[in-house]
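Could you slot chain B onto chain A? The hints should help.
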Amino acid sequence: DTEVTQTPKHLVMGMTNKKSLKCEQHMGHRAMYWYKQKAKKPPELMFVYSYEKLSINESVPSRFSPECPNSSLLNLHLHALQPEDSALYLCASSRRLGLDTYNEQFFGPGTRLTVL
Amino acid sequence: AQTVTQSQPEMSVQEAETVTLSCTYDTSESDYYLFWYKQPPSRQMILVIRQEAYKQQNATENRFSVNFQKAAKSFSLKISDSQLGDAAMYFCAYRSARSGTASKLTFGTGTRLQVTL
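Protein chains in written order, with my numbering: chain A, 1 to 116; chain B, 1 to 117.
Excised from the complex, chain B in its bound form:
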């Protein structure tokens, strides 16, 4: 079974600064997908960024980028130029690429990010 670990329950960053959220996972599979979801206090889970395991290039979405280290099974999220609206709970998630796995997401325990002025 796959597991996802987020070792930082809480992080804080000043506005306009850069912060990195950590995520490690354990799997015996070679083909899979990784995601970062953001859940603000308004509760709606929003997809921030995604990465395919077979792609060596790290995914980037505007101020959000990942550092994907497949051998180390690490998938960290970097937020540049942090904004007050980035304050939220961030979940790292894993999905197998094997057929028959029903697109099941395995979530980490989350990191709560605070953004201060």
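Just chain A, with the same shape it has in the complex:
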């Protein structure tokens, strides 16, 4: 299984709502990533988890709260978002950090988030 899955595919939320994005992989990867991608732009790294511990936070506002409950699952909890947070949120995984070889990232299909 070489797939990263993300749910939901689409999400519309108000600025006062609390919602969560979910990402799952069963490739035995121990590094997982959250990216934000605006239209016609490259993905921007938000968070990196390594062995279920937060390794990198790219100065992301606290209204985004990541969680890695186990090695296969990565969540992104959303609260009090702004309309400018509307974007495609991509999850990715790779074997592990600091690896000597390609260690390429496998991406999920993304969640299209709209904040009203």
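Note that these hints are calculated values from the structure, not bench results. Take these hints with a grain of salt, some might be off.
[As the list claims (entries may be wrong)] Computed footprint of chain A on chain B, listed as stretches where at least three residues anywhere in the stretch have a Cβ under 8 Å from a Cβ of chain A:
{"#": "1", "segment": "19 to 31"}
{"#": "2", "segment": "103 to 109"}
[Claimed, not checked] Computed cross-link-like contacts, DSS-like style, restricted to lysine-lysine with a CA-CA straight-line distance of at most 27 Å:
{"#": "3", "chain 1": "B", "residue 1": "55", "chain 2": "B", "residue 2": "78"}
{"#": "4", "chain 1": "B", "residue 1": "104", "chain 2": "A", "residue 2": "53"}
{"#": "5", "chain 1": "A", "residue 1": "38", "chain 2": "B", "residue 2": "104"}
{"#": "6", "chain 1": "B", "residue 1": "104", "chain 2": "A", "residue 2": "41"}
{"#": "7", "chain 1": "A", "residue 1": "40", "chain 2": "B", "residue 2": "78"}
{"#": "8", "chain 1": "A", "residue 1": "36", "chain 2": "B", "residue 2": "104"}
{"#": "9", "chain 1": "B", "residue 1": "73", "chain 2": "A", "residue 2": "40"}
{"#": "10", "chain 1": "A", "residue 1": "22", "chain 2": "B", "residue 2": "104"}
{"#": "11", "chain 1": "A", "residue 1": "41", "chain 2": "B", "residue 2": "73"}
{"#": "12", "chain 1": "B", "residue 1": "104", "chain 2": "A", "residue 2": "9"}
[As the list claims (entries may be wrong)] Restraint ranges, calculated between C-beta atoms of paired labels, are given here:
{"#": "13", "chain 1": "A", "residue 1": "55", "chain 2": "B", "residue 2": "112", "range": "30 to 40 Å"}
{"#": "14", "chain 1": "B", "residue 1": "54", "chain 2": "A", "residue 2": "96", "range": "47 to 57 Å"}
{"#": "15", "chain 1": "B", "residue 1": "98", "chain 2": "A", "residue 2": "53", "range": "16 to 26 Å"}
{"#": "16", "chain 1": "B", "residue 1": "52", "chain 2": "A", "residue 2": "10", "range": "18 to 28 Å"}
{"#": "17", "chain 1": "A", "residue 1": "80", "chain 2": "B", "residue 2": "78", "range": "41 to 51 Å"}
{"#": "18", "chain 1": "A", "residue 1": "59", "chain 2": "B", "residue 2": "78", "range": "32 to 42 Å"}
{"#": "19", "chain 1": "A", "residue 1": "77", "chain 2": "B", "residue 2": "64", "range": "34 to 44 Å"}
{"#": "20", "chain 1": "A", "residue 1": "61", "chain 2": "B", "residue 2": "1", "range": "14 to 24 Å"}
{"#": "21", "chain 1": "B", "residue 1": "26", "chain 2": "A", "residue 2": "9", "range": "28 to 38 Å"}
{"#": "22", "chain 1": "B", "residue 1": "81", "chain 2": "A", "residue 2": "16", "range": "27 to 37 Å"}
Glycine included, C-beta positions come from ideal geometry on N, C-alpha and C.
Here is chain B on its own, set in the frame of chain A:
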């Protein structure tokens, strides 16, 4: 800090023809990896091809090949026998080989490829 530049925002190619997408990067490191990712309108980012900086031989994957010029810091992607399914946004990406860099990818701004009949 590393930067990746894709100077062609859009390219067009006829079906069955060959097209080359350009990518240049800036780094002071000698050991790194380079990637081309494809993102079709369906949104899923797919790895197309990868290259290790210490390898002189250019990577090839079926109809996709790269021209890696380390001294010039250039990493172009050639697509041969273009197919309608090749239409997508193509991102060039750089990853340092240094430990402690957390496998962070630096992406270019992308090139949108159209394939016409």
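> Of the hints stated earlier, which fail here?
Replying inline: Violated: hints 1, 14, 16 and 22.
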